[in-house]
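2 protein chains.
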Amino acid sequence: MLSMTFFAIAPGAGLPGLETPAALVDLDRLERNIARMASYARTHSLALRPHIKTHKATTIAASQLAHGATGLTCATPAEAGVMSAVCDDILLAYPAVGPKLARLMALPRALSLTVALDSAKAVDDLARAARAADRPVRVFVELDVGMHRVGVSAWDEAIALARRVRDSAPLEYAGIAFYPGHIRTDLDSQDAALAALGAAIKSATDALGRAGLAPKVVSGGSTPTVWRTHEIGGITEMRPGTYVYNDRGTAEIGACAPEDCALTVLATVVSTSVPGQAVIDAGAKALGREPMRGVEGEGWGALLDRPEILVTRMSEEHGILDLSRSDWRPSVGELVRVVPNHVCIVVHLNDVVYGVRGERVEKSWRVDARGRSQPMVTS
Amino acid sequence: MLSMTFFAIAPGAGLPGLETPAALVDLDRLERNIARMASYARTHSLALRPHIKTHKATTIAASQLAHGATGLTCATPAEAGVMSAVCDDILLAYPAVGPKLARLMALPRALSLTVALDSAKAVDDLARAARAADRPVRVFVELDVGMHRVGVSAWDEAIALARRVRDSAPLEYAGIAFYPGHIRTDLDSQDAALAALGAAIKSATDALGRAGLAPKVVSGGSTPTVWRTHEIGGITEMRPGTYVYNDRGTAEIGACAPEDCALTVLATVVSTSVPGQAVIDAGAKALGREPMRGVEGEGWGALLDRPEILVTRMSEEHGILDLSRSDWRPSVGELVRVVPNHVCIVVHLNDVVYGVRGERVEKSWRVDARGRSQPMVTS
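Sequences listed follow chains E and F, in order.
Take the first sequence: its position 193, counting from 1, is numbered 193 in this note's numbering, and each next residue is one higher.
Take the second sequence: its position 182, counting from 1, is numbered 182 in this note's numbering, and each next residue is one higher.
Since the hints were derived computationally from the structure, they do not count as laboratory data.
Be aware that one or more of the hints could be misleading.
As the list claims (entries may be wrong) - Here are some chain E residues the structure puts well away from chain F; computed CB gaps all over 12 angstroms:
1. Asp28
2. Tyr40
3. Thr43
4. Leu46
5. Ser63
6. Thr70
7. Arg163
8. Arg166
9. Glu172
10. Leu194
11. Ala195
12. Glu231
13. Pro258
14. Arg325
As the list claims (entries may be wrong) - Cβ-Cβ distance ranges computed for the label pairs, FRET-style:
15. E:Glu308 with F:Arg32: 48 to 56 angstroms
16. F:Asp191 with E:Ser324: 27 to 35 angstroms
17. F:Arg32 with E:Ser379: 19 to 27 angstroms
18. F:Ala169 with E:Glu362: 37 to 45 angstroms
19. F:Ser39 with E:Ala257: 57 to 65 angstroms
20. F:Gly212 with E:Glu359: 45 to 53 angstroms
What the hints assert, rightly or not - Some but not every residue of chain E turned toward chain F, in silico, with C-beta under 10 angstroms:
21. Phe7
22. Ala75
23. Ala102
24. Asp144
25. Ser271
26. Glu290
27. Val332
28. Tyr354
29. Met376
Glycine included, C-beta positions come from ideal geometry on N, C-alpha and C.
One chain only, chain E, in its complex shape (with noise of 0.2 angstroms):
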């Protein structure tokens, strides 16, 4: 193979000159998407931790820090390594068991390292980790607050828990951790469930506090409410991840507005030789099979100029776009952008992102926390 330098791309290229399908974040609004967010967290006074789930790069993590996050959350070991090289201070907001306990404690020493856990197995393997490495690491117990996902939903066990780190030095019991996924976008229901889930956090820290075990960090929230998270009584802080890029599942639980979208994938027109549909090449494998959140018929994405032109279905390297919704008649050749359903997803499929401005391409970065870094076999 030719060196990648052949193919390199000069600052303000324009689309055309992207092999596609290619991951493109307008800058503009990404900026915008990083600056509002740390301006509602220090309207409130919560600590912004953003989950770095959605972008995965260091480049966009630094950004965000710069603007005045306290800190990351990251979901595995080895997305705490890659961004300990811009951050010092980390959430794992994941239970780590196994051999991610070895990877967790070769970060570096420098690093404020938390980890969210519900279970004694995980406080005992975290403990006998931290103490063979002799490093302290704080704890997050994990509150089930409806999700029914991970996190204990009986405050005598929550306590059981803080009390199991706190007497298990060189684990530092620091305060819990829920993530509400399960609260939706009607808002109705979302004034109900804000209400009751504020009611479980205070019955939950009230119990901790007469225990003597008072959190000092209350960390929660969760994107279709993201912008209500001060009305949760006693959070603390809070670790949005969707929020740099958002997409089409966030725009329609009204998380944002369509133009808030920063992230859409470049595909070309492959072909058209089907009537009614155009084929392009961007299918399961670029922009992965998310469902809108149990609308059927809403497709894998949509057209950025086009919101009407749906793709309807795919293959792992073909999107079918639907035209019979619409008089446009795309050639082989043409350039779309399609608004993916979920970008998280997005992200981790590719490797290199590009930020355009306008139709231009002004840079690349590389999603450099993709991936599980995992080693070879060698002998």
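For chain E, the structure is supplied; the task is to place chain F on it using the hints.
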């Protein structure tokens, strides 16, 4: 970060030494699958040109070629670039337009290159690039035989395209290609569909023959009918992909036995705090959100050793195992192996795959044709 050498795996290591989620390939099954397909193609005198989309690894491609494959099929010029290290005869089963043409023409000159296409625009652009690069390119005209994705369905259009190719040196008209991805599981309908397909191919080749454009190569087939490819009248070449690894979907449609599924995703139970379920660290970013074909409630994967246990819900990094059909109650830290619904997507999500023999890790290989080798913006 520490160098990856720190985490290197020794050959013969047990599965608990691997950081999860990790893609494991059962080497006995892989070798059997490769040999079986090679034997089938040989028995029926069909040229075997495997599609590398499933494994995306030069080491597996080399094994396919060693077993008698006559060449490889790729979906993108980037894949073809990687595969050119082990193969000198590659079919790009995808029209190349735009910047993809530059990458295609940069492939090693010793490589015999074939492109499948379905439009005059694709012929003209390819011819222009081939003339500028002064290299011959073989062309298949793509037929739509009922899937309605790409391809021409009127034989006069096929004739016009074939003639256009023939008259566009250094392009060489080499034959026709088709992908009958619409023919599904049910055996009764398969009989009728295969008969209809054979008749369609015969009518196309007859029409092309009358125009002096008889195809030398008739290239086609699909996984649901892969073991009946020889029944398609006139076919000379098959391009199967999934057979190397297989998956739940392949087994469900009867194109393999459950014990032919070679790839599993190793995952760790990370939470059991919510009653009736266990959470593993393989979610949509490890398994892909690929449904079984039109079957609701069949989940996103099933455990290898407990096929009644399904991954019924997923977040990006969480997979929820429904325990309601079982008395099995796993502990945090326990390892499980998930047979995915659609293995091609799983491989696309991994940089490294581990080859196991029984419960021992024997080797690993890079998914070296994953990603799109995208250039950076450099001034």
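Now for the hints, and whether the structure bears them out:
{"no.": "1", "hint": "Asp28", "result": "holds (17 angstroms)"}
{"no.": "2", "hint": "Tyr40", "result": "holds (23 angstroms)"}
{"no.": "3", "hint": "Thr43", "result": "holds (29 angstroms)"}
{"no.": "4", "hint": "Leu46", "result": "holds (23 angstroms)"}
{"no.": "5", "hint": "Ser63", "result": "holds (17 angstroms)"}
{"no.": "6", "hint": "Thr70", "result": "holds (23 angstroms)"}
{"no.": "7", "hint": "Arg163", "result": "holds (16 angstroms)"}
{"no.": "8", "hint": "Arg166", "result": "holds (19 angstroms)"}
{"no.": "9", "hint": "Glu172", "result": "holds (21 angstroms)"}
{"no.": "10", "hint": "Leu194", "result": "holds (21 angstroms)"}
{"no.": "11", "hint": "Ala195", "result": "holds (23 angstroms)"}
{"no.": "12", "hint": "Glu231", "result": "holds (24 angstroms)"}
{"no.": "13", "hint": "Pro258", "result": "holds (23 angstroms)"}
{"no.": "14", "hint": "Arg325", "result": "holds (18 angstroms)"}
{"no.": "15", "hint": "E:Glu308 with F:Arg32: 48 to 56 angstroms", "result": "holds (49 angstroms)"}
{"no.": "16", "hint": "F:Asp191 with E:Ser324: 27 to 35 angstroms", "result": "holds (33 angstroms)"}
{"no.": "17", "hint": "F:Arg32 with E:Ser379: 19 to 27 angstroms", "result": "holds (25 angstroms)"}
{"no.": "18", "hint": "F:Ala169 with E:Glu362: 37 to 45 angstroms", "result": "holds (41 angstroms)"}
{"no.": "19", "hint": "F:Ser39 with E:Ala257: 57 to 65 angstroms", "result": "holds (58 angstroms)"}
{"no.": "20", "hint": "F:Gly212 with E:Glu359: 45 to 53 angstroms", "result": "holds (46 angstroms)"}
{"no.": "21", "hint": "Phe7", "result": "holds (4 angstroms)"}
{"no.": "22", "hint": "Ala75", "result": "holds (5 angstroms)"}
{"no.": "23", "hint": "Ala102", "result": "holds (7 angstroms)"}
{"no.": "24", "hint": "Asp144", "result": "holds (6 angstroms)"}
{"no.": "25", "hint": "Ser271", "result": "holds (4 angstroms)"}
{"no.": "26", "hint": "Glu290", "result": "holds (6 angstroms)"}
{"no.": "27", "hint": "Val332", "result": "holds (4 angstroms)"}
{"no.": "28", "hint": "Tyr354", "result": "holds (7 angstroms)"}
{"no.": "29", "hint": "Met376", "result": "holds (5 angstroms)"}
The structure is consistent with each of the numbered hints, conforming to all of them.
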